[in-house]
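There are 4 protein chains.
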Amino acid sequence: MIYFNCDYNEGAHEKVMEQLMLTNMEQTPGYGCDDYCRQAKELILKECDTKDAEVHFLVGGTQTNTTVIKSALRAHQGVIAADSGHINVHESGAIESVGHKVLALPAEAGKLTAAQVENCYLAHISDDSHEHMVQPKMIYISQPTELGTLYSLKELKDISEVCNKYRLLLFVDGARLGYGLAAPGNDVTLADLARLCDVFYIGGTKVGALFGEAVVIINPLLKEDFRYIIKQQGAMLAKGRLLGVQFQVLFKDGLYMEISRHAIDMAEKLRTVLYDKKVAFYVENRTNQIFPVLPDAVLDVLRKNYGFEYQARIDETHSAIRICTSWATKADSVEKLCQDLTNLL
Amino acid sequence: MIYFNCDYNEGAHEKVMEQLMLTNMEQTPGYGCDDYCRQAKELILKECDTKDAEVHFLVGGTQTNTTVIKSALRAHQGVIAADSGHINVHESGAIESVGHKVLALPAEAGKLTAAQVENCYLAHISDDSHEHMVQPKMIYISQPTELGTLYSLKELKDISEVCNKYRLLLFVDGARLGYGLAAPGNDVTLADLARLCDVFYIGGTKVGALFGEAVVIINPLLKEDFRYIIKQQGAMLAKGRLLGVQFQVLFKDGLYMEISRHAIDMAEKLRTVLYDKKVAFYVENRTNQIFPVLPDAVLDVLRKNYGFEYQARIDETHSAIRICTSWATKADSVEKLCQDLTNLL
Amino acid sequence: MIYFNCDYNEGAHEKVMEQLMLTNMEQTPGYGCDDYCRQAKELILKECDTKDAEVHFLVGGTQTNTTVIKSALRAHQGVIAADSGHINVHESGAIESVGHKVLALPAEAGKLTAAQVENCYLAHISDDSHEHMVQPKMIYISQPTELGTLYSLKELKDISEVCNKYRLLLFVDGARLGYGLAAPGNDVTLADLARLCDVFYIGGTKVGALFGEAVVIINPLLKEDFRYIIKQQGAMLAKGRLLGVQFQVLFKDGLYMEISRHAIDMAEKLRTVLYDKKVAFYVENRTNQIFPVLPDAVLDVLRKNYGFEYQARIDETHSAIRICTSWATKADSVEKLCQDLTNLL
Amino acid sequence: MIYFNCDYNEGAHEKVMEQLMLTNMEQTPGYGCDDYCRQAKELILKECDTKDAEVHFLVGGTQTNTTVIKSALRAHQGVIAADSGHINVHESGAIESVGHKVLALPAEAGKLTAAQVENCYLAHISDDSHEHMVQPKMIYISQPTELGTLYSLKELKDISEVCNKYRLLLFVDGARLGYGLAAPGNDVTLADLARLCDVFYIGGTKVGALFGEAVVIINPLLKEDFRYIIKQQGAMLAKGRLLGVQFQVLFKDGLYMEISRHAIDMAEKLRTVLYDKKVAFYVENRTNQIFPVLPDAVLDVLRKNYGFEYQARIDETHSAIRICTSWATKADSVEKLCQDLTNLL
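Protein chains in written order, with our numbering: chain A, 1 to 345; chain B, 1 to 345; chain C, 1 to 345; chain D, 1 to 345.
Quick caveat, the hints were computed from the structure, so don't treat them as lab data. Just so you know, not all the hints are guaranteed correct.
Copies of the same chain are indistinguishable here, so a pair counts whether it falls within one copy or spans any two.
Lysine to aspartate or glutamate pairs mimicking DMTMM-like chemistry, simulated, CA-CA at most 20 angstroms apart [what the hints assert, rightly or not]:
| hint | residue 1 | residue 2 |
| --- | --- | --- |
| 1 | Lys330 | Glu26 |
| 2 | Lys165 | Asp225 |
| 3 | Lys15 | Glu26 |
| 4 | Lys269 | Glu335 |
| 5 | Lys336 | Glu26 |
| 6 | Lys269 | Asp35 |
| 7 | Lys304 | Asp340 |
Computed from a prediction, not measured in an experiment: that's the story for all the values here.
Work the whole structure out from these sequences, hints included.
Structure representation (structure tokens):
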């Protein structure tokens with residue numbers, strides 16, 4: 001069996017593992033106050049082309065989203081998100097569990113528009129009864145989105161402008177950020193994110209690390225006492241250097257982008273076959289998640305040798321599935337799937 | 001100016017006020033452990049045709065909804081509601097502030113259907129990734145709804161059946177319950193609610209009391225330690241007898257229904273004029289909230305002498321408004337408005 | 001039976017009731033946005049000798065404490081309180097339920113000292129591991145305390161100074177404030193509180209109102225969006241004018257102080273008898289709560305005609321009890337108890 | 001420099017690292033639903049001599065405590081703990097952040113007694129006003145405690161009996177459990193814990209793993225939907241197999257006990273020197289934390305070559321410090337410190 005179910009089926013990139021082995025018996029202070037973390041932060045800030053940001057390392061995505069949002073919002077404030085946003089559907093109510101409403105908006109291909117955000121904000125605050133409604137204060141978007149699509153620089157700028165206009169906070173979930181940065185047609189860089197967001201995170205769990213997400217805080221107001229909230233959320237790793245070591249490896253000599261590009265290359269190979277066969281897509285994108293619509297009969301055959309996610313029923317004989325590539329996807333596996341697809345379609 | 005803005009513009013029914021005056025200097029124990037509360041509870045249980053239920057008196061609606069939901073749900077559970085439901089839009093995120101997601105469903109005229117509820121539940125729990133989603137555990141509906149519509153006994157039974165099938169809890173917000181019970185065509189009684197719900201409340205604030213809501217708990221599992229949660233939510237009135245006194249008056253000799261019928265009579269008078277003039281309605285109902293669509297020019301004239309709520313823009317020259325009658329609405333005021341409407345339309 | 005159990009056994013002062021009757025059928029906007037509230041706020045600000053403060057009316061004490069603390073603190077911040085403080089022992093964990101630790105300090109006669117507060121703060125923040133501990137941010141004290149004692153102006157100034165030094169917030173719970181202001185030897189005025197605190201509240205429930213507490217917010221940072229939190233906590237009364245009407249009556253022509261002095265006069269009459277009989281006190285104070293230590297045999301006799309609270313066992317034959325007077329205590333009742341005590345002791 | 005500051009200065013035991021390397025590129029399902037987790041759970045259950053328990057793997061201690069307590073308690077319930085308990089002092093208010101009061105009791109050498117627990121419970125529930133107080137529902141103890149002391153089997157049984165008597169839940173924090181199990185004089189086994197507790201956890205972070213804690217749930221009531229709460233707390237590791245792999249190694253062939261015994265041997269070596277030199281102890285114990293009281297002059301010298309934690313000032317010239325050994329402590333390092341101590345004292 002070859003699994004294309006998700007981008008966290010394997011462990012970590014071999015260079016990450018090597019460095020974890022190499023540093024294993026060193027003694028360092030705990031909780032992220034070690035030299036590996038310090039160095040990793042510097043590498044990340046350099047990539048983001050900023051000196052003023054703060055970088056914090058957390059373990060996983062739900063944890064990171066909850067910690068950032070809890071730290072940034074007052075009790076009566078909510079966070080605007082796409083209805084398909086991870087915080088809205090797949091975090092077991094983590095955001096609500098820390099007291100905040102997710103103001104979910106219907107999203108085309110997983111993306112919010114600046115106009116939507118502005119309208120939602122105005123609808124909540126112009127009214128006499130605004131105090132009876134949640135106050136929208138933060139915009140949460142994912143880059144790439146949960147459906148693999150990307151915000152263009154223009155789209156991001158427009159949203160950022162709305163945020164500035166109404167003093168809203170822009171938070172970008174980059175759980176799969178590498179696969180966005182490496183995608184054909186992407187025009188958003190880390191430096192752009194650092195310029196346009198108040199806070200964002202660079203995903204490691206899905207992009208070469210055993211685990212770990214790097215939160216980059218730009219807005220000075222969001223920096224104060226952030227480590228308290230990390231600790232309170234149970235998100236402060238005792239052996240914090242494990243995160244520093246991993247991100248140092250990933251951000252030295254461009255490894256993060258190199259392995260991200262590999263995942264994209266693998267995805268593009270699969271897309272070529274699917275395009276050739278005139279396969280329709282549930283949603284079109286160029287990142288590491290592929291959502292082809294395939295005949296159920298074909299899927300039945302594929303299931304014998306491949307793992308993938310069922311996405312949605314399209315009609316009586318067709319379903320959309322999700323195929324994920326990642327830093328760990330082997331060229332052989334993709335080659336094999338390409339051939340099987342070619343034969344079956 | 002005559003205000004038809006809402007059903008809480010005035011104080012309390014004169015009989016309520018009289019009894020509060022009469023008992024004012026009596027000494028009673030605090031926190032609802034007095035004879036007036038005891039007697040009021042008995043009167044309510046009698047109307048509900050049950051002996052096993054528990055009755056608790058709280059001060060206001062948001063407080064009551066939050067207390068009931070907080071007491072009933074575990075941390076990972078959410079409450080299904082109409083998108084127009086009070087807990088979803090007009091309680092400043094109170095439900096989320098105690099940790100629970102409101103799973104809002106698009107609602108036709110403010111009402112959920114049994115099929116919607118079932119589909120929502122199944123979508124959340126059938127999947128492999130159900131643990132990554134909020135677990136729906138309670139259904140919240142309002143009778144009448146926020147748009148003045150009513151669930152029929154059949155509709156209520158259907159929803160109740162779905163709840164029983166999946167061990168979901170049914171909670172009915174009766175902030176305006178009297179106006180529902182008294183509405184033409186209503187076939188749901190207090191005894192029906194006590195038979196079909198796990199918990200519901202009978203609104204006093206909008207129906208003759210200075211303030212106060214009577215929570216009726218049917219499901220034994222929801223009774224345990226409920227008073228702790230009332231206290232923790234700041235919802236336990238020190239002079240609890242104020243609530244007992246008021247509900248005793250309202251539920252003695254049928255006053256609650258008598259004054260509710262008055263509000264409905266007043267609303268029906270207004271509807272007759274509007275029907276005569278072929279006025280369209282934003283939503284049709286027979287309770288104490290009327291949602292006519294009127295020419296903006298007419299509204300401009302009306303605004304000089306009458307208060308009402310702006311509901312929505314319908315087209316370039318028409319808007320929907322909300323007119324509320326209540327136990328306190330004077331026949332004269334309605335007469336005057338009827339004439340003005342007749343003249344203007 | 002005559003009840004001296006607490007200061008909320010009766011309804012409201014007759015003038016309050018009269019005004020509620022008089023204004024009962026007037027139509028006003030809801031949620032505290034009416035003229036009665038506006039006028040009551042002005043009267044209170046005048047007594048506080050300030051123009052910059054904001055006044056908000058809430059229904060009860062637990063609700064008020066929770067709303068103020070929730071609004072003021074970030075998630076990782078805690079509130080320092082006496083171990084006997086109301087928020088620490090008698091609010092069913094309301095403060096923790098909104099996420100904040102009560103940092104309880106052992107208190108002599110219910111009072112914190114400036115030195116205690118400073119030491120507690122420093123112990124929490126000087127350490128390397130401060131991020132692993134709750135950050136103290138607010139000091140909660142009650143005036144009078146739960147044991148009827150009072151902070152002197154000097155003591156209050158010292159605490160306020162510590163707060164300013166470390167940017168801590170000072171919050172005074174004035175549930176029984178009138179009885180403190182009217183006590184012999186008190187040297188703290190409303191204007192002092194307005195000058196020295198960040199926020200405090202003036203209790204109505206225990207001092208002449210049916211219910212209601214007036215929150216006075218001095219610190220501009222605490223004013224922002226406070227009404228959202230009131231609403232979210234279920235603490236925004238629909239018929240808010242009920243609170244305005246009551247506080248307007250209480251703060252017009254000095255009624256609040258007049259009835260507070262009455263309660264103190266009643267308490268002092270009882271104290272005179274107890275002093276004459278050389279009765280010991282569980283805690284000494286001059287406000288409306290009296291804590292005599294009496295022989296159990298005497299208590300057994302008293303219990304037949306009087307209600308009071310059992311406070312603590314002192315030795316095998318003696319117990320401390322709490323006797324409360326209030327605005328509603330009748331001179332006759334006190335006279336009768338004085339005579340019975342004289343005879344029994 | 002040699003660090004004796006804590007038991008998480010290094011990475012993981014070499015066998016753990018080897019197995020992580022060996023399995024690194026295997027494809028497994030995420031979120032702990034893999035074979036490594038399954039096998040590790042079986043090994044743990046065997047050691048606990050039970051078949052009915054559930055095992056869940058989480059990442060760290062604060063996270064684990066919060067998840068267990070949040071899952072087990074209703075909103076108005078609190079957890080009794082020693083005032084020195086980790087959840088009371090060193091988790092940044094994590095327990096309060098999920099809504100629960102920590103009812104801290106003064107603890108002799110970090111330990112609660114059965115009598116204390118019973119008295120605390122009775123004080124909270126016997127009173128008329130019990131609904132105004134937090135309801136104690138869970139007892140949290142650490143084995144070993146934060147001060148390295150151990151509950152004897154007799155002490156544990158007594159506490160367990162009180163819990164059964166009042167239907168309280170017993171939760172044992174075993175962050176350093178191995179070092180307790182391996183300590184001289186310990187008479188509590190994993191099987192005892194499984195018999196006497198409702199839930200406990202076996203620490204990995206401080207005992208040979210890179211990170212990870214194994215929660216063992218005995219009480220069936222606590223099993224329901226536990227994974228939802230793990231996810232909601234951001235404690236569900238995407239690559240859950242990392243935890244399974246580690247615990248499998250630790251619990252195969254007795255490695256967990258073997259490395260725990262090593263840490264104890266190292267500590268006992270140090271204690272022998274200190275005993276010989278008649279050094280006093282801040283608290284006496286036989287686990288991996290040593291709390292000697294040493295002259296400040298000696299500490300100044302030691303600081304040049306060794307890291308340790310400052311615990312408390314004892315008098316003008318003496319301080320208590322904490323020295324930690326662990327699975328990773330080298331015999332050489334201990335030998336060196338022993339000699340330096342011998343020379344200096």
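Structure-based check of all given hints:
{"no.": "1", "hint": "Lys330 x Glu26", "in the structure": "between (33 angstroms within a copy, 12 angstroms between copies)"}
{"no.": "2", "hint": "Lys165 x Asp225", "in the structure": "between (26 angstroms within a copy, 19 angstroms between copies)"}
{"no.": "3", "hint": "Lys15 x Glu26", "in the structure": "both (18 angstroms within a copy, 16 angstroms between copies)"}
{"no.": "4", "hint": "Lys269 x Glu335", "in the structure": "within (8 angstroms within a copy, 60 angstroms between copies)"}
{"no.": "5", "hint": "Lys336 x Glu26", "in the structure": "between (43 angstroms within a copy, 18 angstroms between copies)"}
{"no.": "6", "hint": "Lys269 x Asp35", "in the structure": "neither (40 angstroms within a copy, 32 angstroms between copies)"}
{"no.": "7", "hint": "Lys304 x Asp340", "in the structure": "within (12 angstroms within a copy, 66 angstroms between copies)"}
Going down the numbered hints, you'll see the structure goes against just number 6.
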